[in-house]
Every structure is written in structure tokens, then in C-alpha cells.
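Each residue of the sequence shown is one higher than the last, beginning at 14 in our numbering.
Treat the hints as calculated values from the structure; they're not laboratory data. From a predicted model like this one, the values you see are computed outputs, not experimental measurements. Some hints could be false.
Pairs of lysine-lysine residues, derived as DSSO-like cross-links and limited to a Cα-Cα distance of at most 30 angstroms, are as follows [what the hints assert, rightly or not]:
id, residue 1, residue 2
1, Lys180, Lys437
2, Lys180, Lys332
3, Lys332, Lys412
4, Lys412, Lys192
5, Lys365, Lys412
6, Lys326, Lys341
7, Lys315, Lys365
8, Lys437, Lys326
9, Lys180, Lys192
10, Lys315, Lys332
11, Lys315, Lys326
12, Lys409, Lys315
13, Lys202, Lys248
14, Lys169, Lys180
15, Lys326, Lys180
16, Lys248, Lys180
17, Lys315, Lys367
18, Lys169, Lys192
19, Lys409, Lys367
20, Lys202, Lys409
21, Lys248, Lys341
22, Lys437, Lys341
23, Lys437, Lys192
24, Lys341, Lys365
25, Lys315, Lys180
26, Lys341, Lys180
27, Lys180, Lys365
28, Lys233, Lys169
29, Lys233, Lys248
30, Lys202, Lys192
31, Lys365, Lys202
32, Lys248, Lys169
33, Lys233, Lys341
34, Lys341, Lys315
35, Lys365, Lys332
36, Lys412, Lys180
37, Lys409, Lys332
38, Lys409, Lys192
39, Lys365, Lys248
40, Lys248, Lys367
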Amino acid sequence: MVPVQKYLYLICIVYIGIFLLGFIYVDNRLIPICILSQRCKTQSAKCPITMLCRRHHRNGQYVIMTKDGFYQRHQSGMNNLSLHVQETWNDKVEKPNLASSTGIAGNATSLLDHKTISVQKFHLSNKLPTQAKSKTQRYPITTYWKNRSDIRPCRKDAFVLLVINSKPNNIFRRNGIRKSWGDGSTQIKQMNHPYAWRTIFVIGRSTDAYINLTVENEAKRYGDILIGQFIDHFKNLTEKTILGMYWAATYCRPQYYYKGDDDVFVNQANLFHYLIQRNRQLSRRPDLQLAPTLWAGNVGEKNRDVVRQNTSKYYVSYKDYSRSIYPKYCSGFAYIMSANVLKGMLHAVQYKRKIQSIDDVFIGMLGQQIGLVPTHDHRFDVQHYPFTLQYISIPKLCKLFAVHGIRSPIRQMRMLRQIYDHCKY
């Protein structure tokens, strides 16, 4: 009689345990889901893998955020699971208030931590942009290749972070940038800030093993190269750009984020002076309600028509984008944005289907998703300067922020010397 009672007691314990703690089988492993009385609750103490468990009462959908990603369940019953894994966002992120100055005055504690980048309050309970309300699918952010330790994170929130898209074999351009406007030693001394001006490069993988090895050694030597987990190709430009934004917001949390290409000259003295003055104006006259958001570059009305010819380099299908005209966007060679714009776009990217080959257009779509329109600034010069006529007058050069088409490292250094010799800010 005693053994029977013992077995019945064990069976009851197992039954209660199965009722209180369910498991789902994903990627050849068991993932626990803490569910009590068909209501999702945070059970981090009893269920350490599950960080957040929330139920969308409108359609009975469960959303479980674990350290490995989102596991979405589209049925309210325990059987018939429909799951998919998404990239993990930081649970400290809050919805950016683009009409406030919190993203300007160094309020970086509400940005992102140093491990993951995820969204907690955005998922299903809060109001989302109009196009995102009906979407349950999320698009993952590209992860790194394997060199997270090679690129050094910022030990302090950066003031200006310049993220440059580069190709694996463009080592001479990268060295030219490092020796010219990419060097922020002058700005560091001026601001007394170790990350007043920092430059990093985003590079994809090459199909040549020797080039990959060269890039890996370069990354270890300089600590400023972020290698993406994708082949460096025109079709992966959006992946490269989003990866740079992701790393910047996670590991440097800059007040101002600059994105550019490696064939662009940056007038660091003028751009840095402008951003310093902008911060001073915001701090002195808060009653002016000066918009703290900054998203500026070369914004043109041309090249906004969607190309539907499948033989074109810029072909976009109706599935990727159904409209005939793109929203306004900054040309991808150079643009700058404030911290709150960067955060807002990183939130919106999970609800937007990526246009892989046109990164600047996709950034414009993210801006439209969060209700922003970029500002055209003529100081981002998109004119091309051929090698034989590669000359810009010094007065014009002093007024510019960025000049497109400067590929020669020697020319980069010469233009920088002209600025510091003849321009006053």
C-alpha cells in the first residue's frame, strides 16, 4: 500500500509540474515557458531562461523573450505551436520621444546595455506606427562574424561616432582615413573626452581567404573594424548599414551618429564645431523648443522613383516595396543623426522588410516609420571630382561637412591640412 501511495504522489507532482512549467522544443533543445493559469507572468526566479513572458490578449498570442531571442506562439493552446526565432533587443530601451531633448543631453542610461539590444515596452502592448500594428513578423538584425573582442567598445558614451562602410580590399582608403579626419586626437583634447570623435569601419566577408585573413589581422591591430556575418556585396549594403547602427547604439551610445563611405572626405573641424555649437544652443535656450532631433544629409528629389526593371542594379520588387515613390532620404555617402533618431530607427527596423541593395532608401523608410523627414544640408557635397580636376576652393572646403568622391589617401590628408591651415571656426 505504501509503494502505491508513493507512486501516486510522484505522478501528482509530475502532473502539477507539467501544468505549471511547459517546455517547447526549438533548435534541438528544450526551452521552458513559465505559464500559470493561462496567464503570462515574469517568472525569472523560477524559470531563469525566460526573461519576459507577455500575452497579447487581442489574438491570444504569447510572446516569450529569452536570452536567445523571441519565441512567438500564435495559438493560445499548449499544443499546435507556431514558433519563429528573432534577434534579441535590449529590455532597457524605451520608446523615443522625438520631441524632447533626452537624446541630446547625454541621457545614455536609457539607451542600450553592452550585451544585447532588445525592446520590451514596444512589443505588443504599446502603440506602434500604423504600418507595424498588424505585423507579427519581425526581421532580425545581422549579428557579428566572430570578432566582438577585436573591435573595442567605448568605455564612455561617445560624443561623435563615425561609422564608415568599407570593402575588405580597401585597406589603403582605411589607412588614409585613420591618418587624416578619422584621427580624433585634436577633438579629444579640445573636449577633454576620450570618445569625442571616434571612427570605426564596417566590412563584410570576402570570398578570398587571404583577404579575410588580412582584414582579421587589421582588425586586431587597430581595433576599429566590425566584420559582418555576410559576404561583402552590393546586395548586402543594408545589412552592413544596420549592423553599424546596431553596434554603435549598443557599444558606444553616441550623442551623434555619422554614417559614411570610405570615398568621402569629412571636414572634421567644421562638423565637430557645428555639433558643439548645437549642443550649446539646446542647453542655453530650452524655451525655444528647438527640435532636438537631427537627421541631416544630402536630400534630393531625384532618384525617388522605384525601379521595377529586374535587370537594373536598383531593382526593387512589389513584394519588398509596393509604392511607386520612395520617402525622402539622405544620400548614403554621408549623413548624421542624433541619438534619439538612431534609437527610433533601430526600433522601427524590426517591423520593416529590408531592401537589401539600397541602404539609404531603407534608412529613409525607417525615418518615415517613426514620423521623421530628413533635412537637406548643402554642406554634404555630393558632386563628383574626377582625378584630373580634383580641386575644391579653400573657401568652399571650409564650409563643407563632407565631400563625396575623394578616394586618394594623399588627397584626404592634403585637404585636411588645408582646412587646419586656412579655416577658422
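Verification of the hints:
1. Lys180 / Lys437: Outside the cut-off at roughly 34 angstroms; violated.
2. Lys180 / Lys332: Roughly 29 angstroms separates the two Cα atoms, so the pair holds.
3. Lys332 / Lys412: Judged against 30 angstroms, a Cα distance of about 42 angstroms means the pair is violated.
4. Lys412 / Lys192: Given that 30 angstroms is the threshold and the Cα spacing comes to 22 angstroms, the pair holds.
5. Lys365 / Lys412: 36 angstroms, violated
6. Lys326 / Lys341: 20 angstroms, holds
7. Lys315 / Lys365: 23 angstroms, holds
8. Lys437 / Lys326: Distance of about 42 angstroms is beyond 30 angstroms: violated.
9. Lys180 / Lys192: 18 angstroms, holds
10. Lys315 / Lys332: 23 angstroms, holds
11. Lys315 / Lys326: The given pair, whose Cα atoms are some 17 angstroms apart, holds under the 30 angstroms limit.
12. Lys409 / Lys315: Holds, at roughly 24 angstroms.
13. Lys202 / Lys248: 40 angstroms, violated
14. Lys169 / Lys180: The hint holds at about 28 angstroms.
15. Lys326 / Lys180: 18 angstroms, holds
16. Lys248 / Lys180: 13 angstroms, holds
17. Lys315 / Lys367: 21 angstroms, holds
18. Lys169 / Lys192: 23 angstroms, holds
19. Lys409 / Lys367: 37 angstroms, violated
20. Lys202 / Lys409: Since the Cα atoms of Lys202 and Lys409 sit roughly 27 angstroms apart, the hinted pair holds (cutoff 30 angstroms).
21. Lys248 / Lys341: Between Lys248 and Lys341 the Cα gap is close to 21 angstroms, so the pair holds against 30 angstroms.
22. Lys437 / Lys341: 33 angstroms, violated
23. Lys437 / Lys192: 21 angstroms, holds
24. Lys341 / Lys365: 16 angstroms, holds
25. Lys315 / Lys180: 27 angstroms, holds
26. Lys341 / Lys180: Satisfied, since the Cα-Cα distance of roughly 27 angstroms is no more than 30 angstroms.
27. Lys180 / Lys365: 26 angstroms, holds
28. Lys233 / Lys169: Judged against 30 angstroms, a Cα distance of about 21 angstroms means the pair holds.
29. Lys233 / Lys248: 27 angstroms, holds
30. Lys202 / Lys192: 17 angstroms, holds
31. Lys365 / Lys202: Violated, at about 41 angstroms.
32. Lys248 / Lys169: 34 angstroms, violated
33. Lys233 / Lys341: Distance ~38 angstroms between Lys233 and Lys341 Cα, so the pair is violated.
34. Lys341 / Lys315: Measuring from Cα to Cα gives roughly 10 angstroms; hence the hint holds.
35. Lys365 / Lys332: 12 angstroms, holds
36. Lys412 / Lys180: With a Cα-Cα distance of about 29 angstroms, the restraint between Lys412 and Lys180 holds, given a limit of 30 angstroms.
37. Lys409 / Lys332: Distance ~44 angstroms between Lys409 and Lys332 Cα, so the pair is violated.
38. Lys409 / Lys192: 23 angstroms, holds
39. Lys365 / Lys248: Holds - the C-alpha atoms of Lys248 and Lys365 are around 17 angstroms apart, at most 30 angstroms.
40. Lys248 / Lys367: Judged against 30 angstroms, a Cα distance of about 11 angstroms means the pair holds.
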